[in-house]
Structures are given as structure tokens and as C-alpha cells.
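Visitor: These are the residues of each chain, in order.
Number of protein chains: 2
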Amino acid sequence: MSQATTTFNLKDYLRQRAQEVDAALEGFLPADPNSLGPIVEAMRYSVFPGGKRFRPVLALASCEAMGCPHQRAMAIACAFELIHCFSLVHDDLPCMDNDDERRGRPTNHKVYGEDVGLLAGDGLSIWAFQVAMQSPDDLSASVLRQLISELALASGHPGMVGGQVIDLAAQHAGTIDGPQLKKIHAAKTGALIRGAVRCGAIVGGANAEQLARLTLYGERIGLVFQITDDILDHLEDPEAVSYPALFGLDESRAMASQAVEEALLALQPFGAAAEPLSALATYLLTRTT
Amino acid sequence: MSQATTTFNLKDYLRQRAQEVDAALEGFLPADPNSLGPIVEAMRYSVFPGGKRFRPVLALASCEAMGCPHQRAMAIACAFELIHCFSLVHDDLPCMDNDDERRGRPTNHKVYGEDVGLLAGDGLSIWAFQVAMQSPDDLSASVLRQLISELALASGHPGMVGGQVIDLAAQHAGTIDGPQLKKIHAAKTGALIRGAVRCGAIVGGANAEQLARLTLYGERIGLVFQITDDILDHLEDPEAVSYPALFGLDESRAMASQAVEEALLALQPFGAAAEPLSALATYLLTRTT
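These protein sequence lines map, in sequence, to chains A and H.
Start counting the first sequence at 7; every next residue gets the next number (our numbering).
Start counting the second sequence at 7; every next residue gets the next number (our numbering).
Fair warning: there could be bad hints in the mix.
Which copy is meant is left open, so a pair is good if it fits within one copy or across any two.
[Stated by the list, open to error] With a cut-off of at most 25 Å between alpha-carbon atoms, the simulated SDA-like pairs for lysine to any residue come out as follows:
#: 1; residue 1: 116; residue 2: 253
#: 2; residue 1: 58; residue 2: 294
#: 3; residue 1: 116; residue 2: 100
#: 4; residue 1: 116; residue 2: 189
#: 5; residue 1: 116; residue 2: 271
#: 6; residue 1: 194; residue 2: 235
#: 7; residue 1: 189; residue 2: 120
#: 8; residue 1: 188; residue 2: 38
#: 9; residue 1: 58; residue 2: 41
#: 10; residue 1: 58; residue 2: 33
#: 11; residue 1: 116; residue 2: 174
#: 12; residue 1: 116; residue 2: 25
#: 13; residue 1: 17; residue 2: 120
#: 14; residue 1: 17; residue 2: 151
#: 15; residue 1: 189; residue 2: 281
#: 16; residue 1: 194; residue 2: 145
#: 17; residue 1: 17; residue 2: 47
#: 18; residue 1: 188; residue 2: 40
#: 19; residue 1: 116; residue 2: 13
#: 20; residue 1: 194; residue 2: 275
#: 21; residue 1: 194; residue 2: 242
#: 22; residue 1: 116; residue 2: 218
#: 23; residue 1: 116; residue 2: 151
Keep in mind that the hints were calculated from the coordinates and are not lab data.
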């Protein structure tokens with residue numbers, strides 16, 4: 007008896023999509039051997055080799071859920087990855103988290119110096135918008151405006167950058183309560199995940215109801231992502247401000263389970279096309295890395 | 007005998023346009039009294055009060071040279087100003103120029119701390135793209151793509167950010183020659199000036215020849231701007247690497263004069279509509295601040 011070949015294999019799916027994202031990023035930010043300074047090299051250092059490419063894969067899967075070829079969302083997907091990479095470079099700087107290592111390698115500024123590290127982050131954030139504009143030629147002016155706005159709102163002061171500042175302010179004040187923690191995470195990490203899902207849907211031609219459903223999905227898995235991240239970190243550092251520290255482990259797990267259920271419910275009308283999105287949501291709940 | 011009222015008054019023109027830019031920027035980045043953290047306040051700190059708003063005024067005047075109402079270029083003009091403000095905030099950081107004062111006030115990071123200063127710069131650079139998308143509704147998808155690309159190419163690693171890294175590398179190496187200095191300045195300050203002029207022309211509906219002429223104008227006045235800046239600084243710091251230090255004062259002045267002549271020549275077919283652009287070029291040659 008052979009296994010049913012129609013069973014969706016998330017592991018293979020994620021690996022294949024991450025490879026496609028890597029190849030596209032290589033095309034969007036190629037090495038520049040004639041460059042006078044190390045800027046392109048420094049930018050590429052924090053893009054390659056990549057991790058799971060979670061945000062771009064979400065954008066691609068969201069486009070797919072609309073019954074649209076996922077490749078159509080590749081440019082905007084890579085734009086979100088570049089924003090993510092930029093945020094890691096600046097987060098690691100001495101005036102922020104002052105980290106010497108990331109993914110087992112020296113951080114950008116440890117290799118290239120603080121000045122070039124700062125500028126490499128700046129370059130990545132700006133280049134995200136240039137890459138977003140490599141989206142398919144047949145997209146309307148209105149869709150292009152939406153994509154740029156989503157990218158800016160998710161990454162700028164109304165989203166990620168603003169969340170980081172609220173986080174810093176709360177840390178300086180010394181107390182963070184449950185509602186504040188939710189607000190910080192919704193902006194700091196949730197906005198980019200939500201935005202990636204929304205942009206995949208927009209490229210895929212989502213109507214208002216479809217966009218609302220995929221937005222809900224994006225918000226819920228952003229929450230799940232953060233809670234499970236906090237749970238994994240909690241085992242190493244129980245003192246850090248986190249979901250398990252503020253709500254307890256059991257309550258945190260229950261919140262994550264409920265969020266996944268809501269995410270799956272939002273996907274129902276999309277049927278089989280949303281299989282990757284639903285498998286991703288379920289996977290997030292049980293991930294161990 | 008009264009003076010001819012048709013004489014173009016550059017001083018009034020510059021003051022009026024700068025006021026219009028200030029008002030538009032106020033609308034694009036309003037104060038947010040309900041903000042949880044100081045991010046919007048920190049961003050606004052480095053946008054208001056502004057200086058001469060040189061780059062946005064150029065974009066508006068370039069649109070005007072096309073016979074198009076200057077207001078149509080207001081959003082993209084303000085986007086260039088936000089990029090300029092972002093670059094000043096990051097330039098002042100301790101890991102860059104480590105400046106405590108700018109325009110007679112403490113620098114952003116001296117007021118808000120290095121972490122918030124860094125993030126305020128990030129926020130300004132990202133918001134530039136959101137503001138660019140507030141350009142008139144009737145612009146085509148192709149024009150929107152061009153505007154975003156121009157903004158990204160002028161400000162990112164192919165332009166300003168890349169020029170800063172080449173500058174750092176040259177400073178570390180300890181020697182800069184004439185051709186290198188030109189290359190550094192063309193990228194570091196020239197790209198943004200050139201891009202602002204080009205974007206005003208693009209919004210104004212420039213054809214290929216008109217765009218090429220206004221691009222040449224933008225490149226030449228970018229050079230004039232830098233040379234006269236260097237001449238002004240040279241009187242205070244004759245040791246710094248600069249046009250007068252490398253080429254001598256007389257040769258630098260001759261280069262600036264020739265660049266203005268070329269800029270004016272490029273404007274000829276635009277007639278009276280280009281009066282602000284030509285007055286600006288001539289003014290740059292004789293400015294004392």
C-alpha cells in the first residue's frame with residue numbers, strides 16, 4: 007500500500023518555496039564585483055544565506071490561495087524579506103540590542119563596522135521598495151499604490167518601526183502589562199506578517215471580503231508566531247517579558263490554539279487553494295525552532 | 007517710474023515654495039498626540055522647522071518647467087525632502103559623524119537617544135515612499151513605477167547610501183583624488199538633487215528629450231551645489247578633502263561657472279516656464295550660505 011500522493015507535504019513545500027525566494031532575491035540584489043565600496047556585499051551578507059523566508063513564503067501562499075500563480079507575488083514577497091533583513095541589521099547595532107552573533111555568524115556591523123552596518127540596513131529598507139516595483143507589468147496603478155502603502159505601513163512608524171519604539175519606551179518605564187505586550191507585538195512583528203499576507207492577496211486580485219478574511223488569517227498567525235516564539239524563549243529565559251511570563255504557559259498555549267482555529271476558519275471559503283496557508287498555521291503551533 | 011513687475015523674484019519664489027512644502031509635509035506627517043511612543047515626535051523633530059527645502063523646490067520647479075502646475079509634484083517633492091531628513095539623522099549618529107548639533111539645535115539622537123534616533127531615521131526613509139504614493143490619482147502605473155524607482159535609485163545603494171559608503175572607504179584608505187571626489191559627490195549628494203529634478207519632470211509628462219535635458223540640468227546644479235558648498239567650507243577648514251583643496255579655488259570656481267552655463271543651455275527649449283530653474287542655477291553660483 008502506497009501513501010496517498012495527494013497528501014500535502016508542508017516540509018517539501020516550504021523548502022521549495024524558500025529556494026524560489028532565494029533565487030529571486032539573488033536576481034533582485036546581485037553581487038556587484040565592480041562596486042567601489044562594500045555596500046552591496048554588506049547588504050547581501052544579511053540576506054544570504056537566508057532562514058525559512060517565512061514572510062515571503064506567506065505572501066506567495068496567500069496569492070496561491072486566491073487561485074493565482076504564486077510567482078506573481080514574488081517581487082512583493084521579496085520586498086517583505088528585505089524589510090525583515092533590514093530590521094535585523096539595525097536591531098543588532100550597539101545602540102539597539104548590541105548583538106555580536108546572528109544565525110551562528112558575526113552580525114553585520116561586527117564584519118563591516120557600525121557605519122557600514124547602519125548604511126547596509128538603510129540600503130536594504132530602500133531597496134525593498136524598488137523590488138516591490140518589479141511586480142508584474144499588468145498590475146494597475148491602484149494595485150501598485152496599495153502594495154507600496156501596505157509595505158510602508160507595515161514596516162514604518164505605523165507598524166514595525168513604531169512597535170520597536172513603543173517596546174523601548176515600555177522597557178525604559180520598566181513595566182509591561184498584557185494589553186501593552188499584545189500592542190507591541192502586533193506592531194513590531196505582527197504588522198510585517200499581516201502585510202505580507204495582504205499583499206499576496208492583493209496581487210492575487212482579492213475582493214474586499216477575501217482580503218478581510220486573509221487579513222484576519224495574517225493577524226492570527228502573527229499572534230501564534232509570537233506566542234510560540236515566546237514559549238520557546240521562555241524555557242531559556244523565564245524572566246523576560248513574554249506571553250508565558252505574563253499569562254502563564256497553559257494560558258499562552260490556549261491563546262495560540264484559539265488563534266490557529268480562527269485562522270483556519272477564515273480560510274474556509276478558499277478551499278484546497280488555501281491548503282499551504284492552513285498547513286502553515288497548524289505547523290506554527292507545534293514548531294520547536 | 008515703477009519697476010517692471012514681470013521681473014522674476016527668486017527670493018520671494020523660494021520663500022513661497024518652501025512654505026508650501028512645509029504645509030504639505032505637515033499634512034503628510036501630522037503630529038500624533040495619541041502615539042504610545044515618541045516615534046512621530048522624533049521624526050517630526052528632524053523635519054520641522056525646515057531649511058531651504060532645496061530638493062523639493064527643485065522638483066516643483068522642474069514640474070513647472072514642463073508647463074504643469076507645480077502642485078502636481080508636491081507629494082514626490084516631499085518624499086525627496088523626507089529622504090534628505092532621514093540622511094541627516096543617520097549622518098549625525100555617533101557611529102557616523104557623531105554630531106551634537108544641527109541647525110543650532112541638538113541632533114535627533116541627543117534629544118531622543120541613539121536607539122530612537124536610529125528608528126526615527128528608518129521611519130522617515132520608509133515614509134518617503136508612502137508619501138510618494140500620494141501623487142495625483144490620474145498618474146499611470148508606469149509613471150508610479152518610475153517615481154518609486156527614481157526615489158529608490160537616488161537614495162539607496164546605487165545613489166546616496168552607496169556614495170556614503172564609498173566616502174567612508176576612501177576616508178579609511180586616506181587618499182582621495184579628483185575623479186574619486188567627483189564620483190563620491192555625484193552619488194552622495196548629486197543623486198538626490200538629480201532625482202528630484204527628474205521626478206518633477208516625470209510628473210510633468212516629460213518626453214525622452216525633455217527628461218534628458220532636465221537630467222543634465224539636475225546633474226550640473228548638483229555639481230555646482232557641491233563645489234560652492236566646498237568653497238564655503240574651505241574658508242573655515244582648508245585641510246578637508248574638497249574641490250578647492252584638490253583643484254584650487256580658481257579652478258573650482260571655473261568648474262562651477264561652466265556647470266551653470268551647461269545647466270542654462272539645457273533649459274533653453276523650455277522658455278519662460280523654466281525661469282525658476284535658471285534663476286536657481288545662477289543663484290547657486292553666488293550663494294554665501
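Visitor: Hint by hint, note whether the structure agrees.
Guide: These are the hints, each one checked on the structure:
1. Taking the shortest alpha-carbon separations for residue 116 and residue 253, neither the intra-copy value of 37 Å nor the inter-copy value of 37 Å comes in at or below 25 Å.
2. For the identical chains of this complex, residue 58 and residue 294 are intra-copy neighbours only, at 13 Å inside a copy versus 55 Å across copies, given an alpha-carbon limit of 25 Å.
3. Within a single copy, residue 116 and residue 100 get their C-alpha atoms as close as 10 Å, and across copies as close as 16 Å, so both meet the 25 Å cut-off.
4. With identical chains, the CA atoms of residue 116 and residue 189 are never at most 25 Å apart, being 32 Å at best within one copy and 27 Å at best between copies.
5. Taking the shortest alpha-carbon separations for residue 116 and residue 271, neither the intra-copy value of 45 Å nor the inter-copy value of 49 Å comes in at or below 25 Å.
6. Taking the shortest Cα distances, residue 194 and residue 235 sit within 25 Å of each other inside one copy (13 Å), while across copies they are farther apart (40 Å).
7. Proximity of residue 189 to residue 120 under the C-alpha cut-off of 25 Å is restricted to the inter-copy arrangement: shortest distance 23 Å between copies versus 30 Å within a copy.
8. For a Cα distance limit of 25 Å, the shortest separation of residue 188 from residue 38 across copies, 21 Å, qualifies, whereas the shortest one inside one copy, 42 Å, does not.
9. Within a single copy, residue 58 and residue 41 get their C-alpha atoms no closer than 29 Å, and across copies no closer than 33 Å, so neither meets the 25 Å cut-off.
10. In this assembly of identical chains, residue 58 and residue 33 lie within 25 Å of each other by CA distance solely inside one copy; the values are 18 Å within and 39 Å between copies.
11. Within a single copy, residue 116 and residue 174 get their C-alpha atoms as close as 23 Å, and across copies as close as 16 Å, so both meet the 25 Å cut-off.
12. Within a single copy, residue 116 and residue 25 get their C-alpha atoms no closer than 28 Å, and across copies no closer than 44 Å, so neither meets the 25 Å cut-off.
13. For the homomeric pair residue 17 and residue 120, neither the shortest alpha-carbon distance inside one copy (37 Å) nor that between copies (41 Å) is at most 25 Å.
14. Taking the closest pair of Cα atoms, residue 17 and residue 151 never come within 25 Å of each other, the shortest separation being 34 Å inside a single copy and 36 Å across copies.
15. Taking the shortest alpha-carbon separations for residue 189 and residue 281, neither the intra-copy value of 29 Å nor the inter-copy value of 52 Å comes in at or below 25 Å.
16. Proximity of residue 194 to residue 145 under the C-alpha cut-off of 25 Å is found in neither arrangement, the shortest distances being 29 Å within a copy and 33 Å between copies.
17. Proximity of residue 17 and residue 47 under a CA criterion of 25 Å is satisfied in neither setting, with 31 Å inside one chain copy and 45 Å between copies.
18. Taking the shortest alpha-carbon separations for residue 188 and residue 40, only the inter-copy value of 17 Å comes in at or below 25 Å, while the best intra-copy value is 46 Å.
19. For a Cα distance limit of 25 Å, the shortest separation of residue 116 from residue 13 qualifies neither inside one copy, at 45 Å, nor across copies, at 58 Å.
20. For the identical chains of this complex, residue 194 and residue 275 are neighbours neither inside a copy (30 Å) nor across copies (51 Å), given an alpha-carbon limit of 25 Å.
21. For the homomeric pair residue 194 and residue 242, the shortest alpha-carbon distance inside one copy (22 Å) is at most 25 Å, but the shortest distance between copies (45 Å) is not.
22. Taking the shortest alpha-carbon separations for residue 116 and residue 218, neither the intra-copy value of 42 Å nor the inter-copy value of 42 Å comes in at or below 25 Å.
23. Proximity of residue 116 and residue 151 under a CA criterion of 25 Å is satisfied in neither setting, with 37 Å inside one chain copy and 36 Å between copies.
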